[in-house]
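Undergrad: So the chains spell out like this:
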Amino acid sequence: NAGVIQTPRHKVTGKGQEATLWCEPISGHSAVFWYRQTIVQGLEFLTYFRNQAPIDDSGMPKERFSAQMPNQSHSTLKIQSTQPQDSAVYLCASSLAGNTGQLYFGEGSKLTVL
Amino acid sequence: GQQVQQSPTSLVLQEGENAELQCNFSTSLNSMQWFYQRPGGSLVSVFYNPSGTKQSGRLTSTTVIKERRSSLHISSSQITDSGTYLCAMTSGSWQLIFGSGTQLTVMP
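Listed in order, the protein sequences are those of chains A and B. When we follow this note's numbering, the leftmost residue of the first sequence carries the number 1, and every step to the right adds one. When we follow this note's numbering, the leftmost residue of the second sequence carries the number 1, and every step to the right adds one.
Treat the hints as calculated values from the structure; they're not laboratory data. Don't take each hint at face value.
What the hints assert, rightly or not - To give a feel for the contact side, a few chain A residues facing chain B, derived at Cβ under 7 Å: (1) Gln102; (2) Glu107; (3) Gly108.
Claimed, not checked - What follows is a list of derived Cβ distance ranges for each label pair: (4) A:Asn51 <-> B:Gly57: 20 to 26 Å; (5) B:Thr62 <-> A:Val12: 39 to 45 Å; (6) A:Asn51 <-> B:Gln14: 46 to 52 Å; (7) A:His74 <-> B:Ser45: 17 to 23 Å; (8) A:Ser27 <-> B:Met107: 39 to 45 Å; (9) A:Ala2 <-> B:Thr80: 38 to 44 Å; (10) A:Pro8 <-> B:Asn18: 37 to 43 Å; (11) A:Ile39 <-> B:Met107: 20 to 26 Å; (12) B:Pro108 <-> A:Pro61: 39 to 45 Å; (13) A:Thr76 <-> B:Gln5: 33 to 39 Å.
What the hints assert, rightly or not - Computed list of chain A residues with no C-beta within reach of chain B, every gap over 10 Å: (14) Gln17; (15) Gly28; (16) Gly42; (17) Ser58; (18) Ser66; (19) Pro84.
Even for Gly, the Cβ is constructed at its ideal location relative to N, Cα and C.
All chains, full assembly: derive it from the sequences and hints.
TA: Structure follows, in C-alpha cells:
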C-alpha cells in the first residue's frame, strides 16, 4: 500500500500563473478530500469527492480554484491566476468511508507564489 | 466562534514525563480523529475514535461524545513524540473540522 501520493511536492509559480496539483488516493478508497494548510489559517477544507462525484466544494475559492476527479485513481486541483495568498501546503486525503472513516493524508504539495 | 478548541497550544516536557492534550467541541459530533504532524511533514492518523477509550502503545485517547470532549494522553514521552497533535471532528456535514493543534516538544 503506497499511501496517498501527491505531486509535485514543491511548486513555485509567479503571480498570475496557473498551478495544477495531482493526487492519487489509496486504491479502493471511495472518498477524496482536498485541504489547505497555512500557519495563519491552519487546516482548511476545500473540496470532497465520493466515487469520483463532487459532493461538497464549499471551501473552494470560487473564482480561481477548481478540482476534478476524472477517474478513481486521481484527482487534480487547479489554481488559475495564482496569487501570493494562495501560498500554502495543499493536502489530499482519502478514506474508505467518507468523512466519518479514518483519513489518510498525502505528503502534501507546497505551493509558493512569488 | 471556533468549533474545535485545543489545549494547550504548546507543551514542553522532559523526556519521560506524561502529556495530556485536550479537545473541546462547541457542537455535537458524529466522529473525531487525532492526527500527528512532524514539522514539514504530513498528517498521520493516530486515533479514529468516535467514542470511548482506545490505547495504542503509550498513547491513549478518550472521547466522551455527550460532553463534547476528547483527550490524548501520552505516557513516558520520548523525543520522537515531538511535533504537532491535531484533533478533528465531523458534525453532520462532510467537512472534517480541525483544531489549531498542540505543539509538543520533548526535551532530553
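Undergrad: All the hints need checking, so say for each whether the structure fits it.
TA: Taking the hints in turn, this is what the structure says about them:
Taken as an interface hint, A:Gln102 checks out: its beta carbon lies about 4 Å from the nearest beta carbon of chain B, inside 7 Å. The criterion of a C-beta within 7 Å of any C-beta in chain B is met by A:Glu107, whose closest approach is roughly 5 Å, and the hint holds. The interface hint given for A:Gly108 holds, since its Cβ lies 6 Å from the closest Cβ of chain B, which is under the 7 Å cut-off. For A:Asn51 and B:Gly57, the hinted distance range of 20 to 26 Å is not satisfied, since their beta carbons lie about 35 Å from each other.
Between B:Thr62 and A:Val12 the C-beta distance comes to about 43 Å, which sits within the given range of 39 to 45 Å. Hint check: A:Asn51 to B:Gln14, Cβ distance near 49 Å, so the stated range 46 to 52 Å holds. For the pair A:His74 and B:Ser45, the beta carbons lie near 22 Å from each other, so the given range of 17 to 23 Å is met. Between A:Ser27 and B:Met107 the beta carbons are some 41 Å apart, a value that agrees with the proposed interval 39 to 45 Å.
Between A:Ala2 and B:Thr80 the Cβ separation comes to about 24 Å, which falls outside the hinted range of 38 to 44 Å. At roughly 40 Å, the beta carbons of A:Pro8 and B:Asn18 sit within the given window of 37 to 43 Å. Distance hint check: the CB atoms of A:Ile39 and B:Met107 are about 23 Å apart, consistent with the given range 20 to 26 Å. A hinted range of 39 to 45 Å for the beta carbons of B:Pro108 and A:Pro61 is consistent with their spacing of about 44 Å.
Restraint check, A:Thr76 to B:Gln5: a C-beta distance of roughly 34 Å satisfies the suggested window 33 to 39 Å. Chain B leaves A:Gln17 outside its interface by the beta-carbon criterion, the shortest separation being 24 Å against a cut-off of 10 Å. Consistency note on A:Gly28: stated as away from chain B, and its beta-carbon is indeed over 10 Å from all of that chain's, at 17 Å minimum. Not every Cβ of chain B is farther than 10 Å from the Cβ of A:Gly42; the closest lies at roughly 5 Å, contradicting the non-interface assignment.
Taking the minimum C-beta to C-beta distance to chain B, about 8 Å, the non-interface status of A:Ser58 is violated against the 10 Å cut. Every C-beta of chain B lies more than 10 Å from that of A:Ser66, the closest at about 18 Å, which supports listing it as non-interface. Against chain B, the non-interface label of A:Pro84 holds: every CB pair exceeds 10 Å, the least being about 20 Å.
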